[in-house]
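There are 4 protein chains.
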Amino acid sequence: MCQRHGLDVHIVETPWGHGLPATEYEAILKADKNHTIKVVLATHNETATGVKSDIAAVRKALDAAGHPAMLFVDGVSSIGSMDFRMDEWGVDVAVTGSQKGFMLPAGLAIVGFSDRAMQATKTSTLPRTFFDVHDMQKGYDNDAFPYTPPVGLMNGLKLALEMIEDEGLENVFARHRRIATGVRHAVKAWGLELCAVSPDVYSDTVSAIKTPDGFNATDIVTRAADKYGMAFGVGLGEVAGKVFRIGHLGMLTDAMMLSGLGVAEMVMVDLGLDIKLGSGVAAAQEFYRHGV
Amino acid sequence: MCQRHGLDVHIVETPWGHGLPATEYEAILKADKNHTIKVVLATHNETATGVKSDIAAVRKALDAAGHPAMLFVDGVSSIGSMDFRMDEWGVDVAVTGSQKGFMLPAGLAIVGFSDRAMQATKTSTLPRTFFDVHDMQKGYDNDAFPYTPPVGLMNGLKLALEMIEDEGLENVFARHRRIATGVRHAVKAWGLELCAVSPDVYSDTVSAIKTPDGFNATDIVTRAADKYGMAFGVGLGEVAGKVFRIGHLGMLTDAMMLSGLGVAEMVMVDLGLDIKLGSGVAAAQEFYRHGV
Amino acid sequence: MCQRHGLDVHIVETPWGHGLPATEYEAILKADKNHTIKVVLATHNETATGVKSDIAAVRKALDAAGHPAMLFVDGVSSIGSMDFRMDEWGVDVAVTGSQKGFMLPAGLAIVGFSDRAMQATKTSTLPRTFFDVHDMQKGYDNDAFPYTPPVGLMNGLKLALEMIEDEGLENVFARHRRIATGVRHAVKAWGLELCAVSPDVYSDTVSAIKTPDGFNATDIVTRAADKYGMAFGVGLGEVAGKVFRIGHLGMLTDAMMLSGLGVAEMVMVDLGLDIKLGSGVAAAQEFYRHGV
Amino acid sequence: MCQRHGLDVHIVETPWGHGLPATEYEAILKADKNHTIKVVLATHNETATGVKSDIAAVRKALDAAGHPAMLFVDGVSSIGSMDFRMDEWGVDVAVTGSQKGFMLPAGLAIVGFSDRAMQATKTSTLPRTFFDVHDMQKGYDNDAFPYTPPVGLMNGLKLALEMIEDEGLENVFARHRRIATGVRHAVKAWGLELCAVSPDVYSDTVSAIKTPDGFNATDIVTRAADKYGMAFGVGLGEVAGKVFRIGHLGMLTDAMMLSGLGVAEMVMVDLGLDIKLGSGVAAAQEFYRHGV
Chain A
1 MCQRHGLDVH
11 IVETPWGHGL
21 PATEYEAILK
31 ADKNHTIKVV
41 LATHNETATG
51 VKSDIAAVRK
61 ALDAAGHPAM
71 LFVDGVSSIG
81 SMDFRMDEWG
91 VDVAVTGSQK
101 GFMLPAGLAI
111 VGFSDRAMQA
121 TKTSTLPRTF
131 FDVHDMQKGY
141 DNDAFPYTPP
151 VGLMNGLKLA
161 LEMIEDEGLE
171 NVFARHRRIA
181 TGVRHAVKAW
191 GLELCAVSPD
201 VYSDTVSAIK
211 TPDGFNATDI
221 VTRAADKYGM
231 AFGVGLGEVA
241 GKVFRIGHLG
251 MLTDAMMLSG
261 LGVAEMVMVD
271 LGLDIKLGSG
281 VAAAQEFYRH
291 GV
Chain B
1001 MCQRHGLDVH
1011 IVETPWGHGL
1021 PATEYEAILK
1031 ADKNHTIKVV
1041 LATHNETATG
1051 VKSDIAAVRK
1061 ALDAAGHPAM
1071 LFVDGVSSIG
1081 SMDFRMDEWG
1091 VDVAVTGSQK
1101 GFMLPAGLAI
1111 VGFSDRAMQA
1121 TKTSTLPRTF
1131 FDVHDMQKGY
1141 DNDAFPYTPP
1151 VGLMNGLKLA
1161 LEMIEDEGLE
1171 NVFARHRRIA
1181 TGVRHAVKAW
1191 GLELCAVSPD
1201 VYSDTVSAIK
1211 TPDGFNATDI
1221 VTRAADKYGM
1231 AFGVGLGEVA
1241 GKVFRIGHLG
1251 MLTDAMMLSG
1261 LGVAEMVMVD
1271 LGLDIKLGSG
1281 VAAAQEFYRH
1291 GV
Chain C
2001 MCQRHGLDVH
2011 IVETPWGHGL
2021 PATEYEAILK
2031 ADKNHTIKVV
2041 LATHNETATG
2051 VKSDIAAVRK
2061 ALDAAGHPAM
2071 LFVDGVSSIG
2081 SMDFRMDEWG
2091 VDVAVTGSQK
2101 GFMLPAGLAI
2111 VGFSDRAMQA
2121 TKTSTLPRTF
2131 FDVHDMQKGY
2141 DNDAFPYTPP
2151 VGLMNGLKLA
2161 LEMIEDEGLE
2171 NVFARHRRIA
2181 TGVRHAVKAW
2191 GLELCAVSPD
2201 VYSDTVSAIK
2211 TPDGFNATDI
2221 VTRAADKYGM
2231 AFGVGLGEVA
2241 GKVFRIGHLG
2251 MLTDAMMLSG
2261 LGVAEMVMVD
2271 LGLDIKLGSG
2281 VAAAQEFYRH
2291 GV
Chain D
3001 MCQRHGLDVH
3011 IVETPWGHGL
3021 PATEYEAILK
3031 ADKNHTIKVV
3041 LATHNETATG
3051 VKSDIAAVRK
3061 ALDAAGHPAM
3071 LFVDGVSSIG
3081 SMDFRMDEWG
3091 VDVAVTGSQK
3101 GFMLPAGLAI
3111 VGFSDRAMQA
3121 TKTSTLPRTF
3131 FDVHDMQKGY
3141 DNDAFPYTPP
3151 VGLMNGLKLA
3161 LEMIEDEGLE
3171 NVFARHRRIA
3181 TGVRHAVKAW
3191 GLELCAVSPD
3201 VYSDTVSAIK
3211 TPDGFNATDI
3221 VTRAADKYGM
3231 AFGVGLGEVA
3241 GKVFRIGHLG
3251 MLTDAMMLSG
3261 LGVAEMVMVD
3271 LGLDIKLGSG
3281 VAAAQEFYRH
3291 GV
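Protein chains in written order, with the numbering used here: chain A, 1 to 292; chain B, 1001 to 1292; chain C, 2001 to 2292; chain D, 3001 to 3292.
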């Protein structure tokens, strides 16, 4: 329990690479007899570690505890690319952005409210200096916006949604799963491991790959950008220097993924890691040839 | 010698995969004592076979024969990507397009005339129904065009030229050579051969790769497009069904090339060719790691 | 009768500002007992003079003469903006471009062939060095193109056609008629006259406006561009210096047209013509307020 | 004095149409002997009323009172279009957006901090949930961003700044002044008045125009959009229904402005106001012909 901006906050710690511990959530909620907890926060897909968490399990924890707290979910790097079920999982507020699964430049924060969450905004006394969803609602009721809207991104979102519908949402999810699985085959072929500890938490949109002890994983990211013009992600926080990340979401094909894997191999060999050129690519190719 | 549109035409045949035979040009020119030959045509880079020809040698043939014919060069798939020297090689007319080395959509035919060629257009009696360079010249003299110009493509060309100058023309050539050499290493690793018969005629912008007898190379192109969303080129004319082509020019990086090689491997294995997945990619990677 | 590229050509002269003389066409066709005339050419909308011709009348002339010649129509500045009926008028070949009624950059020549015209291409012995429609047909039969297509413009054309269908083709025609009529009201208010001699030949896509004797109309175009950043058209050929042209086709609204009229007024006053500022604008406004 | 988010706030009321009262600011600051006021807020250009305020006078008020409060300025609809002098006027924080003077889509908030303001952020205890400028500073120090940046808009901003530099910032200001002055001549010709009460507060980027008593100015905006496809602004707050607004900033020319004035005239006549068509256009034209 700590204080943030004058609010009491429980932070549920979990080792990097693990999904969120729903049983611990449940215990805390059960112990909160007076329902002082108003909101449970959960990240669906943790971008820093490539870890997917089980949001349905958080809902079950809430239900098992008979607790009325709302469920807020960070779906920034999952919504549109991985299966996310706002209604079925009883999510009250979900947030994502334009720049991940929707394949657009950064610029739109896309937020969903349940009826219950909308109701709560009417009685909440939290200060709203920057954003009040009621302004949006009033605008929408009049086919308008409460401020100058980013029209270009909104047209882009319309097109992105048409692309997703043309491909079929299930097919979009399956494509991300296939591409990610190919990456995981490559990682195994390299003799490396993911930061994510077990298959049930493997993310289909980003893989954080652990490098050997004593090796600075950030060097991979720097060299990939400098020598091969490719953008990987650095490790953040506790895993800084220990992992590098390959993003694999959005408008991506198996063919494009091979390019990323090929560059990762060149860079790792350049930096002296004991990796066989083409080994990860071949593992991914074998999977992509058969993968659905 | 044959007739085309009422003109006598010598066609110099050369086996597919070979460069143009400058000595044969020279012999024909020397035999033409009356200088009835007005123009010598040559293709700098043959897109169908991935063969580069020695334009300087054609100039030497003209000079050795003391023949006044003009030299017209098709540089469509070389200019801007491979070393081409209009003045040094005494080229009188050179033609290229916007959609190759200049990295733009198709739409602009870019033509260069030597002073001598411009002079010849003033006395030539050939009919000009579609295009007369004098219309262009008159327009340019007044900062104008003789017809509605494709402004978008012309702005694009300005930007493309700035990109090329920023990278440095020599660096652009070197990049194409490096990428193409990587492809050739991959082809060797696959146990296949280029249509181009020897290193001196290897093209740096397109590789036509021969497939084993009895195999329909066009199937590679079809499957790459259908299953992996990648565009290769089919064999044309005499080599239809016998080669497939990988284009590697324009705004291309080593990393992107690995993607094409990886797809080629998957497709060839899919179609039953005896290729080891990752083998060509690894050969290219090894080269790209060290290549300048 | 004259010779062009080895062909006998009748040129039917008509004073600038008049439409094509269908009766003269008919007389020539009737006199051609041996049917040596193979093709009748007609321009639907003459861009230099802002004159619309009656293509249906040419068809009637052909029919009245019982002459089998084909009818080729230049519809560059009419098709998509003014009523054009290829089948009803028995047009055999019609040509337009992407940069007029289709609201795109220059770059596509859009050509329609009747069945009869396609049939004729099979027996015609005219040389085809630049374009052979059979290459296109063969390509289309295989969902392909005989050469690298300008994909961007083709996607643009698809969008342009959707825009036209959304507005409704009849509405597009009506909009052009309304905007053009407003321009004609402005011209009358200025005390000037169109090059086009009578309402039946007034073009709905471009107006060529005569300036007083002794005045150089080209100065209007120069000053409009230099001082006000607006592009008018100069007079061409026989009317060079005698007219300036206002184009009013494509993605244009009444509101945008007022801008052009307002600039024309400022320029004419700047250059000393006896024009009242706002007079033409007011005449157009009055019409646009009520015009359908 | 009132409370906002737990802070004491002086709100300085001024009648709509007037600029900010610097003398009143000075009095309040002088009375604040204990320097409890930390920040003075001022809007440079009030978009709702088309009123420009004298920011230099606020600085003088602060100096005259010997008061250490910082000066924060809303320059959303002025910066880049009207003369704004952050250093000379001693502005500590200035804010604008991408969608006004910078001619871009909405999406970038552009904020400037003085050294003093940056210093204050280090000791301030105000909660920062959404934005902390130190995150930006740390990022910039490493040529990086603390979050995914909107790259497209940033490239657009670079281009916008190049356009402004090419034209010359003083010329950009002069152009806005000229265009706005033309609009004011038109308003006078219509027999109407601006919401802004005197020339010293006339905005060069937006004009709010008062309509006669009993007339609903919002009808003008609705009809302009519905019938003529043009976007004017409605009156807001106290002047809702009493004014309509014409924006005239960004990539705008005299010629384009005539279009807006022409539509305003048509709409006002359509709605029964006693306006002479062309009268305002003519007044603006006369000015634009001579205006620098």
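Keep in mind the hints are simulated off the structure, nothing from the lab.
Glycine included, C-beta positions come from ideal geometry on N, C-alpha and C.
One should not assume that every hint holds.
Computed from the model, here is a short list of chain A residues facing chain B with C-beta under 10 Å [to be verified]:
hint	residue
1	59
2	63
3	222
4	224
5	250
6	254
7	263
8	265
Here's how the hints hold up against the structure:
A cut of 10 Å between beta carbons decides the hint on residue 59/A: the least distance to chain B is about 38 Å, and the hint is violated. For residue 63/A, the shortest C-beta to C-beta distance to chain B is roughly 44 Å, which exceeds 10 Å, and the interface hint is violated. For residue 222/A, the suggested interface contact is broken, since its CB lies about 15 Å from the closest CB of chain B, more than 10 Å. With a cut of 10 Å, the hint placing residue 224/A at the interface with chain B holds, because the nearest CB-to-CB distance is about 9 Å.
Below 10 Å, beta-carbon pairs count as interface contacts, and residue 250/A has none with chain B, the closest being about 15 Å; its hint is therefore violated. Because the beta carbon of residue 254/A sits about 6 Å from the nearest beta carbon in chain B, less than 10 Å, this interface hint is met. Contact between residue 263/A and chain B, as hinted, is supported at the beta carbon level, the nearest pair being about 5 Å apart and thus within 10 Å. Interface restraint check: residue 265/A against chain B, minimum CB-CB distance 6 Å, threshold 10 Å, status holds.
This entry does not satisfy hints 1, 2, 3, 5, going by the numbered hints stated previously.
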